[in-house]
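Visitor: Residues per chain are reported as follows:
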Amino acid sequence: MTELFVDISDLAVKKYGESLCGDQIKTARTEDKTIIVLSDGLGSGVKASILATLTTEIIIRMLKADVGLADVVETVIGTLPVCKRRKIAYSTFAVMEILHRDYTYKIVNFDSPPAMFFRQGRLIPAERRTTRIRERDISVSEGQLEQGDFVCLLSDGVLHAGLGVKMNFGWGWDNVAEHVELCLKDEPKCAWEVTHNVLAETHALYAGRPGDDASIVGVLARKQNRLTILTGPPLDRAGEGAIVERFLESKGRRIICGGTTGNIVAEHMGEEVQVDIRSMTPDVPPIGQLSGVDLLTEGIITMSKMLELLQECDCDAAALPSERDAAILLAHEILTADTIHFIVGQSINEYYQNPEFSKHISIRKNLIRELVFLLNQQGKHVTVEYC
Amino acid sequence: MNTKVQVQICVGTACHIMGAADLITIEDLLAEPLRERVEIKGVTCIGLCKDEVHGKPPFVIIEGQMLAEATLDKVLRRIEMCVERLADRR
Ligand code: FES
Numbered sequence: 001m002t003e004l005f006v007d008i009s010d011l012a013v014k015k016y017g018e019s020l021c022g023d024q025i026k027t028a029r030t031e032d033k034t035i036i037v038l039s040d041g042l043g044s045g046v047k048a049s050i051l052a053t054l055t056t057e058i059i060i061r062m063l064k065a066d067v068g069l070a071d072v073v074e075t076v077i078g079t080l081p082v083c084k085r086r087k088i089a090y091s092t093f094a095v096m097e098i099l100h101r102d103y104t105y106k107i108v109n110f111d112s113p114p115a116m117f118f119r120q121g122r123l124i125p126a127e128r129r130t131t132r133i134r135e136r137d138i139s140v141s142e143g144q145l146e147q148g149d150f151v152c153l154l155s156d157g158v159l160h161a162g163l164g165v166k167m168n169f170g171w172g173w174d175n176v177a178e179h180v181e182l183c184l185k186d187e188p189k190c191a192w193e194v195t196h197n198v199l200a201e202t203h204a205l206y207a208g209r210p211g212d213d214a215s216i217v218g219v220l221a222r223k224q225n226r227l228t229i230l231t232g233p234p235l236d237r238a239g240e241g242a243i244v245e246r247f248l249e250s251k252g253r254r255i256i257c258g259g260t261t262g263n264i265v266a267e268h269m270g271e272e273v274q275v276d277i278r279s280m281t282p283d284v285p286p287i288g289q290l291s292g293v294d295l296l297t298e299g300i301i302t303m304s305k306m307l308e309l310l311q312e313c314d315c316d317a318a319a320l321p322s323e324r325d326a327a328i329l330l331a332h333e334i335l336t337a338d339t340i341h342f343i344v345g346q347s348i349n350e351y352y353q354n355p356e357f358s359k360h361i362s363i364r365k366n367l368i369r370e371l372v373f374l375l376n377q378q379g380k381h382v383t384v385e386y387c
Numbered sequence: 001m002n003t004k005v006q007v008q009i010c011v012g013t014a015c016h017i018m019g020a021a022d023l024i025t026i027e028d029l030l031a032e033p034l035r036e037r038v039e040i041k042g043v044t045c046i047g048l049c050k051d052e053v054h055g056k057p058p059f060v061i062i063e064g065q066m067l068a069e070a071t072l073d074k075v076l077r078r079i080e081m082c083v084e085r086l087a088d089r090r
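Protein sequence lines correspond, in order, to chains A and B. Under my numbering, the first residue of the first sequence is numbered 1, with each subsequent residue one higher. Under my numbering, the first residue of the second sequence is numbered 1, with each subsequent residue one higher.
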């Protein structure tokens, strides 16, 4: 089974003139599963926003605590207030749960537009069954994700786009699905490319003044890009060999950030690091080469610079400078990866404590902490091990 | 036998911050006849920065001899010396 990465992008626009969005989306990733919830509060504005927020929060929390999906839905429907006059619940929702073990998924829709499922770029009519929970109809669809599959959850604000402005009945489910198929023709690298496109179209159909909150979640199952970064010499010299072995056997791309670390690995392989001095710039030390390692850079200066680059370009690889120094290459590698494992050696070079020197560099641990925070925000799965 | 003067410039963290980036430009500063007789290489941290006994970074190794607190001027002079010595030996 190919290792997949579930790439999620969620976007929303609020009703014109409102200060809060009545659609709320929340996603969570645990060790075993990925959970996505989209909730649409009745009406718009503050009240709708609060109801939708409550709904997403309750669902996410219960699912994270491993309560079964059916029980969660039952609890939420039992708790949701119902509009007396219109006899409808104050918020609707769609939930998708994906198990990492085998990528099987389950989608539950409660009064929300049915999810769209695309395989090899084409809309697949989903088999839905309807169950009744607390006298309400719930639609459920299940399946197993394959590489390239795309799933779309949306609120009715997207389907109604253009209503009374450019179209009599609004954009509509079928037309939206067709539009997504069109987006998928270009084989998007990330889910955002599709969600961004659909929401831009939604906005345009509303002539820039959405008559309802509109939101979308795109889920793209793509090949997992793994990366392992070894940085800093381990505290325990005796354990070095095992760490180096593990690093060299890790799946996916391998990067070493640190000259001394590079030397340790080279020594274990009976090789020598080759330095390409032409790649050196006044700010960034040069790139080194070692077999079995995809990128070898100096440690602290290069990583600090890379963090700065990520912050400057807002984690958009297309906005990185076009030059190819070690920090820029490192930034590209990190942005391409979905799952990143850091092996951080904690041995400290005494000289770095020297006051004339320490003002130039930050401590490796702090740097990693800051970096992990940023990458987590980007939806990357990051793990750190200290040695 | 290698007929070129071997110059290894450390480009590790400590040496880089203390000026190794400048030292790399040495190749451009060497006069034409000299340039062909020198081989310049970058090396990762050679460990000299780890305690103070060797002096301060940046470190350059020229024909096996260590130069601490290396500057373009110092490196240039040492290279010239070595080139002369190499010529005498032949
Ligand atoms: S960085 Fe040059 S000797 Fe350590």
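For the record, the hints were derived by calculation from the structure and aren't laboratory data. Please note: incorrect hints may appear among the correct ones.
[To be verified] As a list, the in silico DSS-like pairs of lysine-lysine whose alpha-carbon atoms are at most 27 Å apart:
1) A:K365 to B:K56
2) B:K50 to A:K365
3) A:K33 to A:K64
Visitor: Now tell me, hint by hint, if it's right for this structure.
Guide: Consistency of the hints with the structure:
Among the hinted pairs, K365 of chain A with K56 of chain B is consistent with the structure: their alpha-carbon atoms are about 25 Å apart, no more than 27 Å. Using a Cα cut-off of 27 Å, the hinted pair K50 of chain B and K365 of chain A holds, with the two alpha carbons roughly 19 Å apart. Straight-line distance between C-alpha atoms of K33 of chain A and K64 of chain A comes to about 9 Å, which keeps the hinted pair within the 27 Å bound.
Of the numbered hints listed earlier, not one is contradicted by the structure.
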